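J.: Chains A and B, in that order, are what the protein sequence lines are. Per this note's numbering, numbering of the first sequence is gapless, rising by one per residue and ending at 348. Per this note's numbering, numbering of the second sequence is gapless, rising by one per residue and ending at 348.
It should be emphasised that the hints constitute simulated quantities derived from the structure, not laboratory data. The structure presented is a predicted model; accordingly, all values stated were derived computationally and were not measured. Just to be clear, a hint being listed does not mean it is correct.
Said to hold, decoys possible - The following residues of chain B were derived to be distant from chain A, with all beta-carbon distances above 12 Å: (1) Glu18; (2) Pro50; (3) Lys57; (4) Arg61; (5) Gln79; (6) Asp238; (7) Glu318.
To be verified - Quick list of simulated restraints, FRET-style, between CB atoms: (8) A:Lys57 x B:Thr11: 21 to 31 Å; (9) B:Gln235 x A:Thr14: 51 to 61 Å; (10) B:Thr11 x A:Glu51: 17 to 27 Å; (11) A:Tyr98 x B:Ala220: 57 to 67 Å; (12) A:Pro203 x B:Asn124: 26 to 36 Å; (13) A:Thr14 x B:Asp291: 17 to 27 Å; (14) B:Lys44 x A:Met1: 23 to 33 Å; (15) A:Lys57 x B:Thr48: 32 to 42 Å; (16) A:Gln235 x B:Asn124: 47 to 57 Å; (17) A:Gly237 x B:Thr48: 53 to 63 Å; (18) A:Glu317 x B:Asn77: 39 to 49 Å; (19) B:Lys44 x A:Gln10: 14 to 24 Å; (20) A:Arg155 x B:Phe240: 17 to 27 Å; (21) A:Asp238 x B:Thr48: 54 to 64 Å.
To be verified - In silico EDC-like pairs for lysine to aspartate or glutamate, Cα to Cα no more than 16 Å straight-line: (22) A:Lys57 x A:Asp35; (23) A:Lys347 x A:Asp230; (24) B:Lys128 x A:Asp35; (25) A:Lys128 x B:Asp110; (26) B:Lys201 x B:Asp230; (27) B:Lys182 x B:Asp110.
Cβ atoms here follow ideal geometry from the backbone N, Cα and C, with glycine treated the same way.
Single-letter residue listing:
Number of protein chains: 2
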Amino acid sequence: MPLNALVAPQTDPTPIFEMFRNGYATELLTLAVTDFDLFGLLAKNPLTFPEVCDRLKLAPRAANVLLTAIRSMGFVNFQNGKYAPSEAAREHLVSGEYFEVGGYVGLVSDAPQVRAMAQCLKTNKPMKNREEDTGAAFIFRDGVTSAMEQESSARRLTLALAGRAKNVAPSLAAQIDLTGTKTLLDLGGGTGIYSIACLQKYPHLQAIVFDHPQVLKVAAEMGEAYGVSDRLILQAGDMFADPLPECQTILLSNILHDWDVPECETLVRRCAERIPTGGRVIIHDVFLSDDLGGPYALAMYSAALFTLTEGRAYSAEEYRTWLRSANLSPQPVRPTLVHCGLLAGAKG
Amino acid sequence: MPLNALVAPQTDPTPIFEMFRNGYATELLTLAVTDFDLFGLLAKNPLTFPEVCDRLKLAPRAANVLLTAIRSMGFVNFQNGKYAPSEAAREHLVSGEYFEVGGYVGLVSDAPQVRAMAQCLKTNKPMKNREEDTGAAFIFRDGVTSAMEQESSARRLTLALAGRAKNVAPSLAAQIDLTGTKTLLDLGGGTGIYSIACLQKYPHLQAIVFDHPQVLKVAAEMGEAYGVSDRLILQAGDMFADPLPECQTILLSNILHDWDVPECETLVRRCAERIPTGGRVIIHDVFLSDDLGGPYALAMYSAALFTLTEGRAYSAEEYRTWLRSANLSPQPVRPTLVHCGLLAGAKG
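Isolated chain A, as found in the complex (with noise of 0.2 Å):
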C-alpha cells in the first residue's frame, strides 16, 4: 500500500517552526546595539536603505535582513522612505540615554551564535555548516563545497527539510491548479514530495524533479514509497547552468528564498523562456509584507535563509516585479501552510 502525499496533517505544526527561529531575534537585536548602534544612527537622523547600507557597510541583503527583523519586533519604523528608531528604541537603545538597557542586551554580545551572525552580516555569506564542516548547506557554486553534494549529508538534510515539506505538500496539492499540465517541472525538487502529491491528485500528470545526483537518490525511494515512480522523471542538472525542460508549468518550491535577487532575476527568466504560451512559472514560498516590515514570524525565516543560504524571504511584491520582467503576469496569492503560498505568472 504506497503512502498518500495528499493526507493534512490533523494539526498545524507551523507554532514549532515559529518557536524554533526565536533565536534570531536575540542575535539580531543584540547586533543592532552592540555591533552597528543602529539605533543611535537612526536616531540622529533617519536614513534611507542605501543610506543605511552605506553607514553599516552593509550588502543590501544583510542590511535587508536585519531591518527586516528590527522592524518587525517595532523597535525601527519606516516612514517617508526613512527608518527611524520608535519611541522606544529611542529612549532605550540609543547608547548614553537615562533609560538605556544597551548595556544589558550587549551582555551575549560575545557569545558565539551572535558571532557568527555578526560574521554573516558583515560578509553577506552563509554561515559555515557546523557540524560536517563541508561548506555551505543548500547552495551549489564552484568553488564553494555543499553538503549535498556528499551523499550521508545530502541525505540526512534532505530528509530533514521533508518533515517541513510533507506537511505542506497536500495543501499545495489541493490550491494547485494542473488540470491541462502534461508535464510538471519541480526544479530543485529535492525529495519530491511536491510533485509526489500532485501527481497523486492528477492521475495522468507526469513530474519532473530536477536536482543534483545525491538528492535524487532520495526522491527515487520517495517515488517508490508513494507508488508514483512510473510518472516521476528525476534529471540531474545545476538549473543555472543546464537547459531545462520545456514544461507547461514550472514550480519554484522553495527555491528562488536561497538565492540573492540577481539569481532569482536569471532563474525566474530562465523558466520564462521554457513555457508556452498560456504556461506558469509557479513560485511557492513565505512572502514578507510588500514594506519588507514583517512580519516577525517570517522576518525570524528570512534570518534562517539568510544564515543557511546565499537568499532571504522576498515580498510578493518583489517576485511580482520578476515574473513581470519575465513577461509573465502574476496571479493572486493562494496559501497553503507553514506561512506559505503559491503565486503563479501566467505567460501570454
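Given chain A, put chain B in place with the hints provided.
T.: Just chain B, lined up with the frame of chain A:
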C-alpha cells in the same frame, strides 16, 4: 543637580527584554527534541514531575526550566499531575511519526549555544562566563570565582544590570509602602538604585545596601550622583554567612531568582529573623504562573536565570510557601515594571 530616580520612562522597555530572550526558545525546544526526546517519552506515558526528572536524569531546577518553557510554548500540557504532549507535539515532534519535523529542528543541535544549554541542563550548573572566563557571573560561592569579585567586570555587569533597574525603580518606589520604616535593608542591592528611589521618595528614610565590596564602589558613586549619599549606608558582607542588620523592612529585589530552592528558603528565614513584629520582608521579582506553566516571556527569563545563576524564575505561590515557612504572612502582589512585582511577607 542630583539625578532623579523617581522619574519613570516614557515608554515600556519590556518588549526589548522579551525579544532579547527569545533565543532560549530555540535552545530549549531543540534540546527537548534532540537530547531528551521529551515528546517521545511523554507520548508513551504521561509522567509526573519526579518521573520526568528521573527519566531525563535532570535536577528539579533543570527539569522545571525545560518543562515551563515547553509548556509555555504550548507543546506540553499538564493535567491530573502529569505531563503529556500537546496534540501538535504528538503529531510533529515524536520521532517516527509521519508528520514529524524533529529532523528539521535537529539541524541546529550542534550549534554552540545549544550545546552550552545542554551542558547547563545536564549538570544543573550555570554557564561559564564566556567573555571573561572568570566563572559564573552573578553568584558568590566558595570555590566558584565570580566575575563580581573583579573590579572591572563587577563594574561592567553591575552597570549593565542597572539599565533595567533604573527603568523599574520609579515603579518600585511608587508601589512600596515605607511609611513607618526607619531603615530599609536592601540585600544584594547592587547599584542601590532601588534604595535610592526609595530614599528620594521618603526624605526621612535610611537605606543599607548590603553587597560585595566591588559592587558597593558603584553604589557609592550612584549615591553621590543621586544626592542621597548621606542616607545611604554601604555594608559589605555575604548575605548567607554574615550577620544581617536588624531592620523594619528588608528588600530582596531580584535576588532570590539567583538561587536554588534551599538557598531561597534559608535567605527568607535569615531575613525573617532580623525583622521585628510588624516588620516585612519584601520580595521584588517576576512571578511565574502558580501552575508553573508560563507565561512564555517569563519562561524565557527563567531560562536566562538558569544559565547565569543557580536560580530560576519562581511562582508567587513558591515565594508564599517560603514566607509562610518563616512565619510571615504573604501580602497581595503589587506590580511594578518589566514583568516584576512586590510580594511582602509581614511578621506577626
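J.: Return the numbers of the hints above that this structure violates; sort them in rising order.
T.: Of the numbered hints, 1, 11, 12, 15, 20, 23, 24, 27 do not hold.
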